[in-house]
Amino acid sequence: MKTVWMKNVRMETGFEKENEVVTGTLTEYAHVKIEGGKITAISNDESEIETGAAVLDAKGKLILPSLREMHIHIDKTYYSGPWKACRPITKGIFTRIEEEQELLPKQLPYAQERAEKMIELLLQNGHTHIRTHCNIEPTSGLKHLEVTVKALEKYKHHLTYDIVAFPQHGLLRSNSVELMREAMKSGATLVGGVDPATVDRHIDQSLYTTFDIATEHNAGVDIHLHDPDTLGAFTFERLADFTREANLKGRVTISHAIALGDLEGQSLTDMMAILKDQEIDITTTIPINRPTIPVPTLDQYGLQVSVGHDSLTDHWSPFGTGDTIEKLNILAERFRLIDEYSINRTWKYASGGITPLDDAGKQVWPQVGDAADFVLVEASCSAEAVARRAKIDSIFKNGEKVVLPQSESVLINK
Numbered sequence: 001m002k003t004v005w006m007k008n009v010r011m012e013t014g015f016e017k018e019n020e021v022v023t024g025t026l027t028e029y030a031h032v033k034i035e036g037g038k039i040t041a042i043s044n045d046e047s048e049i050e051t052g053a054a055v056l057d058a059k060g061k062l063i064l065p066s067l068r069e070m071h072i073h074i075d076k077t078y079y080s081g082p083w084k085a086c087r088p089i090t091k092g093i094f095t096r097i098e099e100e101q102e103l104l105p106k107q108l109p110y111a112q113e114r115a116e117k118m119i120e121l122l123l124q125n126g127h128t129h130i131r132t133h134c135n136i137e138p139t140s141g142l143k144h145l146e147v148t149v150k151a152l153e154k155y156k157h158h159l160t161y162d163i164v165a166f167p168q169h170g171l172l173r174s175n176s177v178e179l180m181r182e183a184m185k186s187g188a189t190l191v192g193g194v195d196p197a198t199v200d201r202h203i204d205q206s207l208y209t210t211f212d213i214a215t216e217h218n219a220g221v222d223i224h225l226h227d228p229d230t231l232g233a234f235t236f237e238r239l240a241d242f243t244r245e246a247n248l249k250g251r252v253t254i255s256h257a258i259a260l261g262d263l264e265g266q267s268l269t270d271m272m273a274i275l276k277d278q279e280i281d282i283t284t285t286i287p288i289n290r291p292t293i294p295v296p297t298l299d300q301y302g303l304q305v306s307v308g309h310d311s312l313t314d315h316w317s318p319f320g321t322g323d324t325i326e327k328l329n330i331l332a333e334r335f336r337l338i339d340e341y342s343i344n345r346t347w348k349y350a351s352g353g354i355t356p357l358d359d360a361g362k363q364v365w366p367q368v369g370d371a372a373d374f375v376l377v378e379a380s381c382s383a384e385a386v387a388r389r390a391k392i393d394s395i396f397k398n399g400e401k402v403v404l405p406q407s408e409s410v411l412i413n414k
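Start counting the sequence shown at 1; every next residue gets the next number (the UniProt record's numbering).
If a hint is listed, it holds; no wrong ones were tucked in.
Subject to a maximum C-alpha distance of 27 Å in a straight line, what follows is the list of computed DSSO-like cross-link-like pairs (lysine-lysine): (1) K362 / K38; (2) K401 / K59; (3) K276 / K249; (4) K348 / K276.
In short, the hints are calculated from the structure, not lab data. Please read these numbers as outputs of a predicted model, since none were measured by experiment.
Please model the entire structure based on the sequences and the hints provided.
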C-alpha cells in the first residue's frame with residue numbers, strides 16, 4: 001500500500017465573526033497522510049511524518065474537494081478542432097436536431113479524439129467525476145456510446161463517470177426506444193430524455209417509457225427539461241409521479257429545469273415541495289440569457305443543485321470553458337452573493353455537496369477515512385478562490401496526482 005504525506009496544506013477550520021456576522025474564514029496549516037487512496041491521518045506536527053516517507057510539499061496552497069462536472073456532452077463537440085460558430089436557430093430545438101442528422105456522421109471520425117481533449121481539459125480544471133450525456137438516436141445508433149466509453153475508460157485512473165443514454169432526437173419522435181435499451185446494456189449507466197412535451201408531444205407516454213427502461217436496468221434517470229412556465233411545471237409534476245411509482249426516489253435528476261426560473265411565490269414553493277418529496281435533484285448551467293433558476297432558494301429549501309457546462313464549443317453553443325470555478329463565480333455574481341459566508345457556500349454546487357465547513361462553520365472535510373480526491377488552489381480560502389477565479393495548482397484522485405500529456409491543441413484556458 002503506497003503511503004504519501006502531503007505537508008504544509010492550508011485547510012479551512014472555521015468562520016471568523018464580528019457581531020455574529022461571518023467576516024472571514026479561518027485556516028491553518030496541516031500535514032495529510034494518504035494511504036490506499038484515502039486520508040488516514042491529519043496532523044499539525046511535522047515530526048509525525050515518518051522518516052523515509054514519501055513527502056509532497058503543498059507550500060501553503062489551499063486544499064478543497066475536487067470538482068464534479070455534472071452535465072456535459074463529450075461525444076459531439078468542435079473542441080480541439082477548427083473554430084466554428086453556431087448556425088442561427090429558426091425552429092427551436094428542431095433546428096439542432098435536423099442539423100445533427102447531417103453533422104454527427106461527419107464528426108464521428110474525430111469524435112473520440114475530441115472527447116479525450118475535453119476530458120483532459122476537465123481534469124486540468126479540477127474535475128474527478130464527469131457525467132456526460134451521449135446521443136442515442138437512429139443517426140448515430142450506438143456509435144457515440146462506443147466512442148464515449150473508450151474515451152472515459154482511457155482516463156479511468158483519474159476519474160469516475162456516469163454515461164447518460166440521451167435520446168436527443170426524441171425518445172418517441174425518433175423511435176429510439178429499442179436503441180435506448182441496447183445502450184443500457186452497452187455501457188450507459190443512466191437513462192436520459194428530452195422535453196416529453198415539445199419533442200415527443202406526449203408527456204405521459206414519453207415518461208412512462210423512460211422509467212420503464214430505467215426500472216428494467218435498475219438505473220437512475222437524468223432528463224433534459226427546457227420547457228418553460230406552466231408546461232415545464234406540469235412536466236415536473238408528472239416526472240415526480242413517475243419517480244414515485246417506479247420507486248426511484250433520490251435517483252432522478254432534472255437537467256436545466258428551465259421552468260423553475262419562471263415560477264414565483266407559492267407556485268415555486270409548491271413545486272419545490274413536490275421535487276423534494278422524491279429527492280429529485282437539479283443540474284444547471286446558470287444561463288444568463290433568460291430567468292436563471294433560483295439556485296440559493298432551491299438550496300435553502302433542501303434541494304440538491306449541481307452546476308455543469310453542457311458544452312465547450314459545439315453546434316449548440318460556442319461559449320463553454322470547462323472552468324467550474326468560473327461557473328461558481330458567475331453563479332455568485334448572478335445572485336449577488338458578495339459576502340464571505342455566501343461565497344464560501346457555493347463550492348457545494350460543484351463538489352457533490354462536499355465542503356470543508358458545514359453551514360455552522362464546523363470543519364467537516366477533510367476527515368480521516370475520506371477519499372483522497374482534492375485540488376490544491378492558489379487562494380487563502382474557498383471564498384477567495386471563487387470570487388477571484390483562483391488557479392488550480394494540482395489535482396489528486398485517490399491520492400495520486402493527475403498528470404496529463406501536454407496538449408498541442410488546447411483552445412480554452414491556454
